[in-house]
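Student: These protein sequence lines are chains Z and R, in that order.
For the first sequence, counting from 1, position 104 maps to 98 in my numbering; every step adds exactly one.
For the second sequence, counting from 1, position 245 maps to 239 in my numbering; every step adds exactly one.
Please keep in mind that the hints were generated in silico from the structure rather than gathered at the bench.
Warning: the hint list may mix true and false statements.
Identical copies carry no separate label here, and so any pair may be met within one copy or between two of them.
As the list claims (entries may be wrong) - 30 Å max Cα-Cα, derived BS3-like pairs, lysine-lysine: (1) K65 with K222; (2) K65 with K246; (3) K299 with K222; (4) K215 with K70; (5) K70 with K2; (6) K246 with K174; (7) K65 with K2; (8) K70 with K222; (9) K174 with K241; (10) K65 with K241; (11) K255 with K70; (12) K70 with K226.
Single-letter residue listing:
There are 2 protein chains.
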Amino acid sequence: MPQHRQGKQTIIFQNAPSIISSAAVVGPKEGRGPHGNGFDLVLDDPLFQQESYEQAEHTIFQEACTRCIEKTGMQKEAVQAMLGGDLLNQIMAASLSARELSIPFLGLYGACSTMAESLLLGSILVDGGYASPVICAAGSHFCTAERQYRFPLEYGNQRTPAAQWTVTGAGACLLAENTKGIAHITSATIGRVVDLGIRDPNNMGAAMAPAAADTLIAHFKDTNTAPKDYDKIITGDLGLVGSGILKELMDKNHLSLFEQKYMDCGLCIFDPADDVHAGGSGCGCSASLLSAYILPQLSSGKWKKVLFMATGALLSTTTSQQGETIPGVAHAVILEGG
Amino acid sequence: MPQHRQGKQTIIFQNAPSIISSAAVVGPKEGRGPHGNGFDLVLDDPLFQQESYEQAEHTIFQEACTRCIEKTGMQKEAVQAMLGGDLLNQIMAASLSARELSIPFLGLYGACSTMAESLLLGSILVDGGYASPVICAAGSHFCTAERQYRFPLEYGNQRTPAAQWTVTGAGACLLAENTKGIAHITSATIGRVVDLGIRDPNNMGAAMAPAAADTLIAHFKDTNTAPKDYDKIITGDLGLVGSGILKELMDKNHLSLFEQKYMDCGLCIFDPADDVHAGGSGCGCSASLLSAYILPQLSSGKWKKVLFMATGALLSTTTSQQGETIPGVAHAVILEGG
């Protein structure tokens, strides 16, 4: 039997699956951000001509998947599996998209870590010859997340300084056997669920940072690498508070050069003039920026090797109301130039 | 690169991962059922000494995983990945269990198809040498499902005849490289999301049956097999209404012998005297019965080859309230005697 393990949590992809296509669809606020030109479609209206924001979220998810497949000239019937999820209860945006696309579907839930989780599992499917091509996707919507997790928009409630702004958007990647592609996925680290006792659902960066540190340290140890070996180390949506904590944790672990290599999608998706407090969040944040900004840097050769790690806060309104603390999880995939 | 595909949706496991251990923990009503003796722990009280039913659901999930690992004499630190989910919003029972167990965690959501989804993905991880052993688990709780999806228990509302009773329970399986085990997983079929337009959230059997038929037909076609080649063909929780529809759909497809081989976990988990209307449901239904009844039949040699297919209805209270129809999904794994 082949062995692909290295260390405690890391998987090495001997066949280095390729990302052969990607696409991202986002809302108007994301479109105004510094990477606005990289998205495939920027909506004028977050309702996307639907009757509810939930329907819009599903339509955005589906549109990202459809565009990702269409770019290759492939028919959707050729795609052997779809892996993905979102933040709606029962991941309905992904499930309804899978219904419309009719691609065999494996639903995932990793909160905002979902894009990395789907790339990790999708790479295993492709690397081992279990399915190819496979589509990996994740998405979120500001308006549905606010009403599901916090308050209906109509309340106009005031947000705390540590609060993050859920990205309205979705991103999708099509993976296939090693070929000339945008980038290759060469290894991945499965994260553990880590909880240092944060209880404030308006400070998810703090809840996720310890999991991010745990996965990063595991990855460096498993692969005998350090920040110097990567052009960029990218987290999903730790935002201002979580990023600060992560830098401190890395510093404590004597991981030099970390700060110079580090970037957080949540801190660079919005225009600072839009004042989103601690930054962007949501599955769609890292998923859409992966397609709009990270993959183009790899395909152009500007970056050679990137650690992409999406981070998730594992909470529900029920667990918060019942006084439960908020654990986090983070999965990492290593992307190398095509 | 190895090739493990057969037909459009099916994966062949050349290394046939083993289920080396399983465990199930259930509530009192399940314990009174015909397979009550097969469960590892039957609770006297569905609250399981916790402060809320949600905490009880998490504790039941965790207990099933812990017992499953302990039976092998292994330490939980030796388990390389955990794959699973439940019906709570944001799969909190599985997520909190993963926090306590500290095993690298990949969260899944396939509604009541989750146990088969976790076995399918877990088998890929083991078969391809990506992780071993891995633990696959799913669970549900009647009291949390009622208040999340329907009405608080205190309402004492009347249930419709097509309604099913969510199983309070969880099941877990530990998979490892091919060795002497309880059973082997030799192939799996990834289901598509199928929707024939059912809108009644109290008739989930009808919503899931078309997906069950779709996956079964795909599996038989992909593997060039028919019902005669299996000792049992087992669905998760189609219940009385869904099972009837599935039999009709199989009959239309000229799949002879189907009815003689067919069994639904939802129809045999409860004592008929308990009158649960159309039968049991929930992720925990097929997950717990797999451990308590199906695997023992395989390890004793009474059955040689079983098709185990858990079925899920992909709905949320929001999609139902917004008038969306209810799609279903079904994943199948083939279990063969140890």
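Student: Work down the list of hints and note, for each, if the structure agrees.
Tutor: Comparing the hints with the structure gives:
| no. | hint | in the structure |
| --- | --- | --- |
| 1 | K65 with K222 | neither (34 Å within a copy, 44 Å between copies) |
| 2 | K65 with K246 | neither (44 Å within a copy, 39 Å between copies) |
| 3 | K299 with K222 | within (11 Å within a copy, 52 Å between copies) |
| 4 | K215 with K70 | between (39 Å within a copy, 20 Å between copies) |
| 5 | K70 with K2 | between (36 Å within a copy, 13 Å between copies) |
| 6 | K246 with K174 | neither (40 Å within a copy, 46 Å between copies) |
| 7 | K65 with K2 | between (37 Å within a copy, 22 Å between copies) |
| 8 | K70 with K222 | neither (40 Å within a copy, 33 Å between copies) |
| 9 | K174 with K241 | neither (35 Å within a copy, 47 Å between copies) |
| 10 | K65 with K241 | neither (38 Å within a copy, 41 Å between copies) |
| 11 | K255 with K70 | neither (37 Å within a copy, 35 Å between copies) |
| 12 | K70 with K226 | neither (33 Å within a copy, 34 Å between copies) |
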